[in-house]
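Work out the full structure, taking the sequences as your base and the hints as a guide.
Under our numbering, think of the first position of the sequence shown as 1, with each following residue one higher.
These are computed hints drawn from the structure, not numbers from a lab. Some hints here could point you the wrong way.
[What the hints assert, rightly or not] Derived DEER-like restraints, expressed as beta-carbon distance ranges:
| # | residue 1 | residue 2 | range |
| --- | --- | --- | --- |
| 1 | 120 | 61 | 28 to 36 Å |
| 2 | 23 | 73 | 26 to 34 Å |
| 3 | 87 | 40 | 20 to 28 Å |
Just so you know, these numbers come straight off a predicted model, no measurement behind them. Here a beta-carbon is modelled for each residue, glycine too, at the ideal position from N, C-alpha and C.
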Amino acid sequence: MQQKRRRIMVIDDNKDAAESMSMLFELWGHEVKCAYDGRTALEAAAQYCPDAVFLDIGLPGMDGYEIAERLREQPQSAQTVLVAITGYGQDEDRRRSREAGIDHHLVKPVAPETLQKLLESLQRR
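This is the structure:
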């Protein structure tokens, strides 16, 4: 099954989790960039212009909601598909994700098949 090659960014302060997810995306033929904190993520996204961003919500300092809001403010990432991959799964967490401009809210652990189906469904905006 051949997917369109995507530019993906993974944002997670857990480096092992970020790198594992990145390796999975690369195995599927995508180009991936990782960031481990909000400031670095925003700077990298402005240069990298990802098609999709997979971000953790529970980050120290700038959380995933704030990162999403700031990405939506940047012309380069205003239409990027944002996917929360988080341990936060309550209704309030999902509401906050929507308000921050996050397109999909997935609760950890996320099966690789779920990620693959999500990537297959993406339409370049």
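Okay, the hints, checked on the actual structure:
no.	hint	verdict
1	120 to 61: 28 to 36 Å	holds (33 Å)
2	23 to 73: 26 to 34 Å	holds (30 Å)
3	87 to 40: 20 to 28 Å	holds (22 Å)
Checked against the numbered hints listed earlier, the structure breaks none of them; every hint is satisfied.
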